[in-house]
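Peer 1: Working from the sequences, and respecting the hints, build out all of it.
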Amino acid sequence: MSGNLAQNFGRVDYLMALPVILLTLFALGILLLDLMLPAQWKRVNAFTALGGILFSASGIVKIQLALNAAGLPGESAFLNSIVVDRFTIYFWYLFLAGAAISILMSMRYLEIEHENHGEFYSLLLFSVVGMMCMAAGFDVVLIFIGLELMAISTYVLVGFLRTDRRSNEAALKYLLLGAFSSGIFAYGLSLFYGLTGSTSLLGIRSGLVRLAASHPDHVDPVAVIALLTVATGLFFKIAAIPFHQWLPDAYEGAPTSVTGFMSVAVKAAAWAMLLRIFIWGLYPLRTVYVPLLIFVSILTMTGANLAALTQSNLKRLLAYSSIAHVGYMLLGLVALASVTYPAPAFFDGFKGILLYLLVYTFMNLGAFGVIASLRQRNVIGDEMDDIAGLYFRAPTEAVLMLIFLLSLAGIPPLAGFYGKYFIFLSLIESGHYVLASLAVLYAVFGLYYYMRIANQMFMREALDKTLLPISAGMRLALGVTAFATVYIGIFPEQFIRIVNWSLGIAQTASVATLVR
Amino acid sequence: MHNHILSIILFTPLAGALLLIFVPKESKDAIRWIANIVALAGLLVSVPLVPWFWAQRFEPGFKFMEGAPNNWIPSIGAGYVLGIDGISFLLIMLTTLLGWVSILSSWTAIENRVKEYYIWFLVLQTGMLGVFMALDFFLFFVFWEAMLVPMYLLIGIWGGPRKLYAAIKFFLYTLFGSVLMLLAVLFLYFYNFHQTGQYTFSIQALYKTAPLIFHDPAYGSTFAILLFLAFFLAFAIKVPMFPFHTWLPDAHVEAPTAGSVILAGVLLKMGTYGFVRFSLPFFPDVVMHPKVRGWMIFLSIVGIIYGALVSLMQKDMKKLVAYSSVSHLGFCTLGIFALNPAGLSGSVLQQINHGISTGALFLIVGILYERRHTREISEYGGISNVMPVYATITMIMFLSSMGLPLLNGFVGEFTILQGTFMENWKWAAWAVPGVILAAAYLLWLYQRVFFGTVTNPKNEKLHDLTPRELLTFAPLVIVAFWIGLYPKPFFQILEQPVNQIVYTVRGKDYPGLQPGVQSVNAAIRPADDAGNAAAVQTALNQSKGTK
Chain A
0 MSGNLAQNFG RVDYLMALPV ILLTLFALGI LLLDLMLPAQ WKRVNAFTAL
50 GGILFSASGI VKIQLALNAA GLPGESAFLN SIVVDRFTIY FWYLFLAGAA
100 ISILMSMRYL EIEHENHGEF YSLLLFSVVG MMCMAAGFDV VLIFIGLELM
150 AISTYVLVGF LRTDRRSNEA ALKYLLLGAF SSGIFAYGLS LFYGLTGSTS
200 LLGIRSGLVR LAASHPDHVD PVAVIALLTV ATGLFFKIAA IPFHQWLPDA
250 YEGAPTSVTG FMSVAVKAAA WAMLLRIFIW GLYPLRTVYV PLLIFVSILT
300 MTGANLAALT QSNLKRLLAY SSIAHVGYML LGLVALASVT YPAPAFFDGF
350 KGILLYLLVY TFMNLGAFGV IASLRQRNVI GDEMDDIAGL YFRAPTEAVL
400 MLIFLLSLAG IPPLAGFYGK YFIFLSLIES GHYVLASLAV LYAVFGLYYY
450 MRIANQMFMR EALDKTLLPI SAGMRLALGV TAFATVYIGI FPEQFIRIVN
500 WSLGIAQTAS VATLVR
Chain B
0 MHNHILSIIL FTPLAGALLL IFVPKESKDA IRWIANIVAL AGLLVSVPLV
50 PWFWAQRFEP GFKFMEGAPN NWIPSIGAGY VLGIDGISFL LIMLTTLLGW
100 VSILSSWTAI ENRVKEYYIW FLVLQTGMLG VFMALDFFLF FVFWEAMLVP
150 MYLLIGIWGG PRKLYAAIKF FLYTLFGSVL MLLAVLFLYF YNFHQTGQYT
200 FSIQALYKTA PLIFHDPAYG STFAILLFLA FFLAFAIKVP MFPFHTWLPD
250 AHVEAPTAGS VILAGVLLKM GTYGFVRFSL PFFPDVVMHP KVRGWMIFLS
300 IVGIIYGALV SLMQKDMKKL VAYSSVSHLG FCTLGIFALN PAGLSGSVLQ
350 QINHGISTGA LFLIVGILYE RRHTREISEY GGISNVMPVY ATITMIMFLS
400 SMGLPLLNGF VGEFTILQGT FMENWKWAAW AVPGVILAAA YLLWLYQRVF
450 FGTVTNPKNE KLHDLTPREL LTFAPLVIVA FWIGLYPKPF FQILEQPVNQ
500 IVYTVRGKDY PGLQPGVQSV NAAIRPADDA GNAAAVQTAL NQSKGTK
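If you read the protein sequences in the order shown, they are chains A and B.
All residue numbers for the first sequence refer to numbering that gives the first Met the number 0, where the first residue is 0 and numbers rise by one.
All residue numbers for the second sequence refer to numbering that gives the first Met the number 0, where the first residue is 0 and numbers rise by one.
No lab work stands behind these hints: they were computed from the structure.
A few of these clues could be false.
Said to hold, decoys possible - In silico lysine to aspartate or glutamate, DMTMM-like type, Cα no more than 20 Å apart, as pairs:
(1) B:Lys24 - A:Glu460
(2) B:Lys457 - B:Glu375
(3) B:Lys318 - B:Glu375
(4) A:Lys61 - A:Asp12
(5) A:Lys41 - A:Glu110
(6) A:Lys464 - B:Glu25
To be verified - Reference listing, derived: stretches of chain B covered by chain A, where coverage requires no fewer than 3 residues with Cβ under 8 Å from a Cβ of chain A:
(7) 43–56
(8) 146–154
(9) 185–192
None of these values were measured; they are calculated from a predicted model.
Ideal placement from N, C-alpha and C gives every residue a C-beta, glycine not left out.
Peer 2: Below is the structure:
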């Protein structure tokens, strides 16, 4: 039986999965290679992983060339369980970029921690494989499998510092809450399957439309329960308040480079999944989920911004700030779901989220990179005091950190401004004036806690006056992220075009790929 | 050169800052020389603007336009568009002049982290110039926000004992105002799209559609008033108008001397400039709404009186000067919302005057502070015996600040009061005590610090101004006398843009200001004096013909 099924898959199917397959092979290869490497050669693993990312990226390029040659905006494969459209490709590149920068930041960090094992890079790649399935998945079963692959790899990465209590505690908490939320999520998906008889997002969508047509006066209560459970699972994954408790602990305990990775790539993957499900699958239920999203986004912005004000641990502070950013991105979803499809707010809200994730990848990874470089032989380096007087110890890093912080606060002309810009614009376009005012006021709160870090770096004396050694890999990673943050800020045009392209706006007038 | 003069002026300081990055931080004197040369160059490149602008001062519209709408970020509709009219021309000249003066004044005042200091100062200079030049709201907003960062660092690193508090307060307050303004302008941008089908932040495009909101049944007057208030909040905090002024004493007192000079001289003007450039033309019907206008006038008058009264009882010289700014800027906003040619042009001129005289006052306080490291008034007395040159210059600048005839302050305040009087004599009557109180707090300060015998032995050996310090005051004194004795060129430069704005806001009351109908000195003369205007017009045409 399975043999017959496999024969049904042709060249196209395997081409569409090529980046995922390549990355899996490299992840397995690292495990084998690691066994043969002597201890002083462990760096080779990192370069192998980077090579895998390059190969995977070239696989994406191959897909793009094939799609362009055929004149198609996207292609489905494996019986419609994955769809490689521009949305997918956009996210794939994003994951790979996030992973590559994280690897550069990890190399020296792991050596200091004496945990320089090949498994680290292998797990990282596996986690990216899971993410790629989440972004490409068009069938809830595949999405769920991708989610679990990503999550399980990340649980291990969080607990990678075996001798560190905080790391172990964080991993366990993350595992328990993650498993719990996955259960709720799967339960909701099963309800949708029962309701519509399909596991495909398209099938769920048409089932919901049929359901609404059969009794137009009210929404099916089972559908509401299903929506609530699925939404709860998704809110757990993106860490929206009140489902955020795992995140500060996990971020604090995890190795800093893993925290950086989680805050950008894992978050982006959760967002890709959330957008796929909410916009492609559950769009007919949008009148139900918009009030829910408004409620959660207000709660998220309020809670996270207030909590961040009083943090004294840098990683926890950035953890709460990343929750706050989720609140802003949810507003983009509110705007796009509260208008009918071709309205400007739909596209601007969508653009806002995608652009936000792009710029966030660079600026947040950069900020975590600077914190990771504070880790020394005998300094953990994640308290406010550890960054005090950074300007005197490593002036370049301090200035770069200032750039990242200002960008996170959304000060123009830095990259972070444009994510917020599109989200605020979409809110104005969809008439959510009060929500928009609330959001911009919370941005002022944000500035306060980011500037607390800047105060420490520039306006206090260093407790430890020695110069801070920065490894070459870290220099490269910080250089890339800082350059991207500034460059996107000053010349955002091409990046907005890329986002437009991924939504199918720029080249073709038709947006058929978007909501199909 | 002619076509790119604004870009050259704008980016000269930034280029200098980039150059300074490559100078090793140990060679402090080299850094100081380079920074001063760059600042002087920044002033010199703006000088050619004077004759060029003078030649076309009566021509309508923006001059020296650069760039095109939507050329920077076409997907958004943001453009790198620069251009100036008489109002921004004067403010730009003030900025380049004060930038040079304050960098020159920092030579001995800043001893640690010299390199950073000059880099941030030059970056700040570019940010401020950009605010006055941008004709695209997106570009304007970028400069408006980006400029906060160097100022924040200048206060926070080189400031006084409570510098951290003052720096963050300054940053948060100003950001708080401007984020709501961002939302309001996003609405205008979206509304413009609705009306014209085009997404653009071009100010000239928004000028055409923004006023329509007031009469649009879909939104209505209340909505337009809310939009106006969002802009108002941003600008009122910056000016600062009472009761949004509480950041100002902290920031001014804690900032290093040069920072205070720039803060008072230029940064506050961004608020008043914003009112003139955006609030009035975007919302003409709102500003003429009796309630809105009444509140604006009321807050201005309260600011004038309150600022003066608080100045009167300060023990710290710098704080006194800081509060006097609240009072003086109250006059500026009073003139703006008097909304006639006299009030508005007086207001802009007074903004320049305030930059000159209050900038000088902060330098004066800074000089004593550098010698004695205290600003307590009670620590001084009889200073004129030991520092006679200093005392003379101080007297000139005090008189200028309090508005004595023959000096610049008088011309500005008089014109503002004249314009206000033409609208409602009661408004003017309430504002006049501000002038008297200014004389009181300044002369009392002078008496306590300079007159009498030297009571405090620490003051006996103070040395008088060095040539460098004298050089910082020279241009300010010259300009103060120039505006005081012969303000006509300034009013001529302001005439066209001021008339344009007044006509936009209340064309019905001032039909004579219609573009194309030129008149000289309309600022001082009521608008209905048409016969005189015609005579001057012919004279003007003749003078143009002879060129």
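Peer 1: Are the hints correct? Go through all of them and say.
Peer 2: How the hints compare with the structure:
1. B:Lys24 - A:Glu460: Since the Cα atoms of Lys24 (chain B) and Glu460 (chain A) sit roughly 18 Å apart, the hinted pair holds (cutoff 20 Å).
2. B:Lys457 - B:Glu375: Distance of about 13 Å is within 20 Å: holds.
3. B:Lys318 - B:Glu375: At roughly 10 Å apart (the allowed maximum being 20 Å), Glu375 (chain B) and Lys318 (chain B) satisfy the hint.
4. A:Lys61 - A:Asp12: 13 Å, holds
5. A:Lys41 - A:Glu110: Between Lys41 (chain A) and Glu110 (chain A) the Cα gap is close to 9 Å, so the pair holds against 20 Å.
6. A:Lys464 - B:Glu25: Answer holds: Lys464 (chain A) to Glu25 (chain B) is near 18 Å, not above 20 Å.
7. 43–56: Per the Cβ count (0), the hint is violated.
8. 146–154: Per the Cβ count (4), the hint holds.
9. 185–192: holds (count 5)
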